Amino acid sequence: MSRLASLYQEMILSHNRSPQNFGDLDPHTHHSHGVNPVCGDDFHLYLFVEDNRVSKVSFKGQGCAISKASASILTETVLGKSIQEIIPIKDAFLKLISDTASTEEKAQLGKLKIFEGVKEFPVRVKCAALIWRALEDAISQQHGQISTE
Amino acid sequence: MSRLASLYQEMILSHNRSPQNFGDLDPHTHHSHGVNPVCGDDFHLYLFVEDNRVSKVSFKGQGCAISKASASILTETVLGKSIQEIIPIKDAFLKLISDTASTEEKAQLGKLKIFEGVKEFPVRVKCAALIWRALEDAISQQHGQISTE
Amino acid sequence: MSELTLRQEFPIFNAHPEIAYLDSAASTQKPRMVIDRIQGFYESEYATINRGLYELGYHATNNVAKTRDAVRHFIGAKDSKEIIFTSGTTAAINLVANSLSQGLLKPGQEILISQMEHHANIVPLQRACDQYQLRLKICPITSNGELDMDAFKALLGPQTGIVALTHISNVLGCITPIKTICHLAHEQGAYVLIDGAQAVAHVPVNVQEIDCDFYCFSSHKLYGPSGVGVLYGKANLLEAMPVYQSGGDMIETVSFEKTTYADLPNKFEAGTPPIAQIVGLGAAIEFVSQIGFDAIQAHDEAIQSYAYERLSQLKGIQIFGPTSNKSSLHSFVLKDAHPHDIATILDQSKVCIRAGHHCAQPLMSHYEVAAMARASYSVYNTSNDIDQLISALSQVIEVFQ
Amino acid sequence: MSELTLRQEFPIFNAHPEIAYLDSAASTQKPRMVIDRIQGFYESEYATINRGLYELGYHATNNVAKTRDAVRHFIGAKDSKEIIFTSGTTAAINLVANSLSQGLLKPGQEILISQMEHHANIVPLQRACDQYQLRLKICPITSNGELDMDAFKALLGPQTGIVALTHISNVLGCITPIKTICHLAHEQGAYVLIDGAQAVAHVPVNVQEIDCDFYCFSSHKLYGPSGVGVLYGKANLLEAMPVYQSGGDMIETVSFEKTTYADLPNKFEAGTPPIAQIVGLGAAIEFVSQIGFDAIQAHDEAIQSYAYERLSQLKGIQIFGPTSNKSSLHSFVLKDAHPHDIATILDQSKVCIRAGHHCAQPLMSHYEVAAMARASYSVYNTSNDIDQLISALSQVIEVFQ
Ligand SMILES: Cc1ncc(COP(=O)(O)O)c(C=O)c1O
Ligand SMILES: Cc1ncc(COP(=O)(O)O)c(C=O)c1O
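Protein chains in written order, with the numbering used here: chain A, 1 to 149; chain B, 1 to 149; chain C, 1 to 401; chain D, 1 to 401.
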């Protein structure tokens with residue numbers, strides 16, 4: 001598989017075309033706003049956490065295929081999980097795309113592994129990371145605005 | 001004569017050692033203050049003009065051998081002359097040191113010709129010119145401060 | 001065929017023969033002659049300037065003075081003391097925004113810019129407005145992607161203190177009628193600052209004919225080294241303006257009680273200047289002058305019309321800006337493909353373009369896009385580069401359809 | 001013999017084998033390795049940084065990031081975001097004088113400098129005092145030509161907002177005890193800005209150990225290219241300070257209503273940076289690191305003690321500054337010979353020295369001289385250069401006696 005094909009895999013393109021859990025979420029318990037000032041990627045992430053589990057999740061905003069697919073797959077991944085379960089996945093994902101994940105860390109990532117190709121495109125790592133940084137921010141309860149640059 | 005010897009001729013060195021007409025002049029009819037901010041040369045020129053003739057002249061201040069000798073010889077040159085007589089000498093002198101003087105212009109310069117060597121030292125042209133620029137300023141009646149940089 | 005054949009003059013294409021470099025509006029590559037000049041200067045002529053009483057220093061000072069005069073000539077200024085060397089366009093605009101607002105404007109006056117300005121020609125003026133109680137006014141652009149002259153005339157008035165406009169938009173490529181602008185602005189007593197960053201490599205500039213009060217540009221977009229730029233200002237204005245940065249070389253006398261400042265141009269050149277870069281800029285100006293603007297403009301026209309012909313046939317493309325009276329670049333979006341994805345995919349085919357907001361976020365907002373892709377052309381580009389661009393874009397369309 | 005033998009690394013001495021270059025305190029010559037790096041960068045790696053979505057741009061961005069980290073390591077900073085690239089020391093001091101005074105000081109506070117500062121460390125602070133209603137205080141120097149520490153302690157107090165001092169005087173060569181200074185100043189709540197322009201090529205610097213709040217220097221005095229310099233600042237202070245110059249690359253979002261600024265270091269780096277010069281500075285730091293400060297200091301000591309021994313025997317010479325704990329230069333005057341005449345005559349023997357006020361007029365006033373001659377030494381100087389200096393000075397004495 002060429003570098004390019006490994007970056008723009010069919011699953012990424014399809015999430016880009018038809019993002020999951022796209023839209024507002026009201027009410028929500030957690031929210032963060034992630035922006036990448038360099039490229040203008042700009043997403044909001046909303047979580048509704050009940051009994052320590054993510055019972056509802058959504059995102060909205062705009063960005064490149066990588067950032068949008070990453071957001072879409074993130075929402076699928078976290079839905080139904082507890083915060084404690086989510087944290088190691090987030091950490092493993094951020095390591096995956098920066099090429100520092102161990103085999104065990106990769107193992108817990110499931111279909112998120114399709115983002116591994118991003119590590120070959122250093123300028124695009126931030127795109128894949130953006131929504132995960134927003135997640136990190138949201139669950140740290142800071143409800144702020146975060147930026148990856 | 002080496003370039004250096006032609007710059008530091010004995011007459012220049014001797015005027016540097018024992019400048020003529022050095023000191024204050026009170027009262028005076030014309031005055032100008034010339035400074036070269038780059039090297040710190042700093043001279044005042046005073047003229048007393050009666051019946052359109054320079055009857056008294058002096059300079060004070062400090063500077064390098066070239067600027068001081070130039071000032072000293074200027075005072076000797078202008079003493080007793082009318083403003084109308086001085087102007088072409090000044091113009092010829094400024095041309096001499098910037099290597100643009102004609103043979104006729106050089107001819108009216110008398111012993112001022114010893115400054116011809118300065119033209120070989122472009123950074124030092126301003127030193128020789130400083131007091132003549134002050135003269136120019138003084139006789140234009142602006143009584144200001146001039147600077148050669 | 002009016003295409004220039006200068007690619008071999010640029011060592012970068014020797015190192016990377018396969019590259020189609022289409023990001024010259026961001027920064028141009030450097031010709032052999034500029035690189036050699038800088039190298040030669042460091043190897044056998046380097047010294048600091050202004051104070052050297054030795055020959056090396058004298059020659060370096062002379063070299064800088066000669067470049068100042070070459071710049072004066074290049075932009076048709078009257079006097080070389082009107083040429084201030086800065087670290088770039090941004091520094092030049094900051095200088096004017098600050099010093100002019102502080103020294104020659106009154107609270108309540110307006111600064112008139114446009115919707116299409118580069119951030120460098122927005123933020124310093126915005127900040128000057130905050131600091132000196134001035135008001136920022138924005139001239140809209142037409143649906144065609146050019147300055148809206150009717151709106152400009154309506155916004156301009158006796159309350160206008162500064163008109164600050166780009167000569168050529170780095171996104172739309174449109175050419176501002178700056179001569180008319182200056183005439184209108186001067187009638188109202190306003191000063192005109194022109195951001196020439198995108199212009200100097202593409203169109204001949206004569207500041208006296210234009211009659212602008214300030215004009216600035218960066219060497220690195222003109223085939224010259226990074227780290228140096230130029231501010232032109234009318235002597236009487238520069239003389240009346242307060243100093244901006246201060247330090248060595250720009251003073252006349254310093255004492256703790258009172259400091260007096262040097263004459264132009266030194267007054268605005270604090271500290272050791274970018275000496276080797278100034279000398280390199282001199283070589284860049286020589287490079288451009290040897291080609292001549294007739295040939296450059298014919299080349300630009302050839303490349304850009306070919307590019308437009310090919311680009312406009314692509315499925316789902318939207319190209320921004322006017323189609324005539326414009327400079328050598330095309331900003332566009334593709335349906336369904338984000339500009340960053342476009343740039344990444346193009347890079348795999350060794351096509352270098354820019355994607356993003358191009359430091360013109362208010363213009364992005366105007367078009368309601370977060371980003372655009374931009375291909376920009378220069379003397380070393382050929383129609384082959386355009387073919388490479390088009391075939392890579394076709395691949396993008398394939399991936400994203 | 002601790003003399004280095006690096007002369008052949010500097011192409012300028014190939015071009016001018018007969019030159020004794022003794023003006024390194026003004027600007028150093030450049031080693032082959034720095035010149036080659038700049039050339040190589042332009043020939044095969046040039047692109048602008050931060051926004052490039054193509055490989056060239058990515059590598060250039062990386063190169064700049066690597067140099068930022070090399071600078072961080074070179075001066076012992078904690079975080080590379082504390083390293084701001086500027087156009088030089090002067091620009092760095094202007095930035096701090098302006099932004100710190102505006103953002104973190106209160107009217108009535110004092111800025112404490114010394115009698116021996118370079119104009120770059122006087123005028124911007126003087127102007128900040130005018131603009132922000134602060135008061136300038138001057139610490140005298142001792143009869144030995146060093147900072148008067150007793151006077152310093154007496155002048156320092158809770159009213160002191162900024163202490164701005166040179167690490168090494170460009171005229172006296174004395175080394176300021178900046179670690180002690182920082183400790184004392186911080187006890188009073190004052191910020192400390194160190195002008196390291198003369199220091200970085202001669203002594204190892206560790207800003208964390210020194211605990212200064214700001215430190216700045218110029219590449220061109222450190223064997224690097226002209227057109228670039230460094231401001232180090234503690235992150236928390238840089239974060240708290242208002243932006244200085246504005247434009248592209250230093251913003252987060254721009255709209256006409258509200259502009260927000262990027263994080264460090266971008267916040268203080270408006271516009272296209274001096275890219276090739278930053279990369280060249282990286283090579284210069286590598287050059288210095290390869291030699292090592294042990295070797296540099298041993299060399300400096302060897303050259304300067306030999307110079308002192310020979311100079312001090314000259315008839316009618318007066319040498320300024322301390323004789324120990326000093327950097328590698330000697331400023332002097334000769335009885336009856338003006339410094340400019342000295343420099344001109346020396347130049348005829350291919351000896352390059354500086355003569356003038358050395359951008360330190362208040363220090364000239366202190367010594368009641370209009371000008372001094374200065375010979376300054378660097379890694380490429382040898383005792384032959386000193387011999388050449390001495391024999392040329394003997395000729396001066398002959399001419400003027
Ligand atoms: C002590 C000192 N400070 C500041 C400067 C100014 O440095 P630059 O001219 O590179 O900005 C110099 C050099 O000229 C210097 O010697
Ligand atoms: C129109 C315009 N203005 C200003 C600038 C800023 O130039 P620089 O970054 O060289 O200061 C640029 C380039 O980035 C530009 O395209």
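These are calculated hints, taken from the structure and not from any lab test.
You may find that some hints are simply not true.
[What the hints assert, rightly or not] Pairs of lysine-lysine residues, derived as BS3-like cross-links and limited to a Cα-Cα distance of at most 25 angstroms, are as follows:
| id | chain 1 | residue 1 | chain 2 | residue 2 |
| --- | --- | --- | --- | --- |
| 1 | A | K95 | D | K137 |
| 2 | D | K66 | D | K315 |
| 3 | C | K81 | B | K95 |
| 4 | C | K78 | C | K153 |
| 5 | D | K350 | B | K126 |
| 6 | D | K66 | C | K258 |
| 7 | B | K56 | B | K119 |
| 8 | C | K258 | D | K137 |
| 9 | D | K137 | A | K119 |
Computed from a prediction, not measured in an experiment: that's the story for all the values here.
Taking the hints in turn, this is what the structure says about them:
no.: 1; hint: A:K95 - D:K137; verdict: violated, 53 angstroms
no.: 2; hint: D:K66 - D:K315; verdict: violated, 51 angstroms
no.: 3; hint: C:K81 - B:K95; verdict: holds, 22 angstroms
no.: 4; hint: C:K78 - C:K153; verdict: violated, 29 angstroms
no.: 5; hint: D:K350 - B:K126; verdict: holds, 22 angstroms
no.: 6; hint: D:K66 - C:K258; verdict: violated, 43 angstroms
no.: 7; hint: B:K56 - B:K119; verdict: violated, 30 angstroms
no.: 8; hint: C:K258 - D:K137; verdict: holds, 14 angstroms
no.: 9; hint: D:K137 - A:K119; verdict: violated, 55 angstroms
Against the hints set out earlier in the document, violations occur for numbers 1, 2, 4, 6, 7, 9.
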